Structure formats: structure tokens, C-alpha cells
Amino acid sequence: MQLRLEPRAMPSKWLRYSSPLIALALTLVFGVILFSALGQNPAVALYTFFIRPIGTLYGLSELCIKAAPLLLCAVGLAIGFRGNVWNIGAEGQLTMGAICGGGLALAFYGDEGPWLLPLMIVGGGLGGMAWGAIPAFLKTRFNANEILTSLMLTYVAIQVLGYLVHGPWRDPEGFNFPETRLFGEDALLPVLIEGTRFHFGVVLAVLAAMIGWVFVTRTFAGFQIKVVGQAMAAANYAGYSGNRVVWTGFLIGGGLAGLAGLGEVAGPMGQLNPTISPGYGFAAIIVAFLGRLHPAGVLLASLLMALMYLGGESLQMNLNLPLAITGVFQGTLLFFVLASDVFIRFRVKLVHNVPRTAP
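Once you know that position 268 of the sequence shown is 268 in my numbering, the rest is easy, because the numbers rise by one and skip nothing.
Fair warning: there could be bad hints in the mix.
Here are the in silico distance ranges between beta carbons for each label pair [what the hints assert, rightly or not]:
| hint | residue 1 | residue 2 | range |
| --- | --- | --- | --- |
| 1 | 51 | 193 | 47 to 55 Å |
| 2 | 142 | 114 | 38 to 46 Å |
| 3 | 17 | 192 | 30 to 38 Å |
| 4 | 351 | 317 | 48 to 56 Å |
| 5 | 237 | 142 | 40 to 48 Å |
| 6 | 322 | 107 | 38 to 46 Å |
Because the hints were derived from the structure by calculation, they are not lab data.
None of the values given here were measured: they were computed from a predicted structure.
Heads up, the beta-carbon is just placed ideally off N, CA and C, and yes, glycines get one too.
Given these sequences and hints, build the entire structure.
Right under this line is the structure:
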């Protein structure tokens, strides 16, 4: 007897929405095994990882702060992924948005006004869009693989950032550390809850998710992206432009990632340094798929992924476990999501081996 995957007559709607929950449950089981292998009490370790970081108002505010860039990046990526536009360079677009927005704060240092922060927000979004336009142009003009070009541009953006903070933008009074001067008061996102770091960027991220939901469910452009992603032949017959979808996916994804970068440097960091993101742009890929490429689902998935970042720090501080456990849980969650998704279109069938007859 053999186990085989047999295509379903119709994709399982129940599994489509329950597979993220199945993946999360399997990830928890994996966590029990992992912590046991590390010599830790699984119950204590899981509590430290998932519950302890959000046990206070400050912890909840930190959860929202970490979820905001994930939400912005993942909403943009999800819109592109719906049209089979594989933007893997949100990390680079986030970095370039931080450079462009933060550069404005430095350019007008000492001459700020209430107009500066809105200008920085626009600059951050345009910087991310410009960086996303490069793989879009290469894809539509030369049919270059957008996965490779967008990914490689990430490392170019990081090198540009490193050059600036080590060179022309380095704080002259910063004791030679590779960082810019602290931004002025008018260049920082306002804190909304006293005693925490909860800033206006979180509100912008939620607004972006709401606008993204309207875009994908209520606009003709969102419908075109869906058709191109699900049935290219039908899209061609209807006259929908695949190139337009590529540009739309990259410009929206790059713009939102750029806003995420601006939110980091004008929010918790207050300056530019060589490490702006702990990998939000890459983790957003997991968030997008975990949220079923829908802005509402992405909102919930971004909170879960943000909790994993906080949980890794909590494990490091309280149980002396390595911070790399965060990446292990993120990768495991993505693996189980993709594995569970297989059963949306396929079912397991037990096949009896038929003995072969001699000629």
C-alpha cells in the first residue's frame, strides 16, 4: 500500500481558512519538542515566549510597535502576491524609505517645523516606491526574474545605508559611532500613550491595512490583480495588462515598505544606524501567507509575528536561550503553513499495490 496525493475536485474551503490555525498548533507542538530538547520546561518556556511579553500595558504597546512595520510590509506584499508578483525585496524597500525619509530630517535639522514630518512620510513612501520600481522595470522591459532582482537590491540598499552612516551622515558629535545625529522633535512620530513608545505610526499601519482591504475587495484594479493571479489566460482575453499588475504590485509594496522604514527611524529609533530592521521585510512574507493574502488576516498574522520577536527577547532575558529561536519559530511556522496549504487542493489517498503479472 502507498499514500498518494490526489487532486480534489474543488479546493477545500474549510482547509483554506483553518490551515493557518493548524500550522500554529503544529508550531506549538514543535515548540514543546524543541524546549524539551534544550532542557527547559516546555510549559514555562511557552509561557515566557507567548504570554509574558504582553502581560503589561507597556508590553502590549511594544507588540503594536513591532507589528506596525510587519503589517505595512505584508499588506503591500500580499497585494502583489495576489497577482503573482513576487516581490521579495521589502527589506531593501524599507531601508530605502528610511534613508529618504530620514535624510529629510537631517537636511532640515535645526530648521524644522510642523511641515517636516508629513514631508518625511511622503519621502519615505516615495523612496520605497522608487526602489520597488527597479525590479518592476526589469521585469516588464527585460523579463528579468523579479524574485532575484528584488532580493539582490535589498543588499544594495543596506550597503548604501552603511556608507551613509559611516560616512557623510555620521554624527560629528557621536564619538565616531556609525549613526546619524538624533532627529529633532518635529521629525519624530508623536507618542500617543504616555509611559509607552506607542506612536502614530501604528495608526498609519492600521489605516494602510483598511485601505488595502478596500483596494482588494472594492476596486476594479484589485479585481484585475486577482484575475491576473488566478487565470492569466482569462485576464489576457479580458484585456487586462500583466505589466500594469507588475507595476502596481511593486509600487504599492515598495511604498508601504518605505513607510515602514520611515516609521522605524522616526519612531522608536529617532535616527539612522546600520541596522534599521531585524528582518521585518523578510518576516512579512510569512505574515502575508499566514494571513491568506487578505489585509484583515495580515493584521492578525502581524500581531502573531510581532509576538514572536518579543518572545525571543523574553526567552533570552529570562531563560538565557539564544535570540535565534525567534527565527526558528518563524521558519517552522512558514513550513507548516505551506505544508498545510497542500491539502487545500489535494487529499491523501491510500492506494493498494496491484501485483504485476508476468508476461
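Checking each numbered hint in turn, tell me which of them this model violates, lowest number first.
1 and 5
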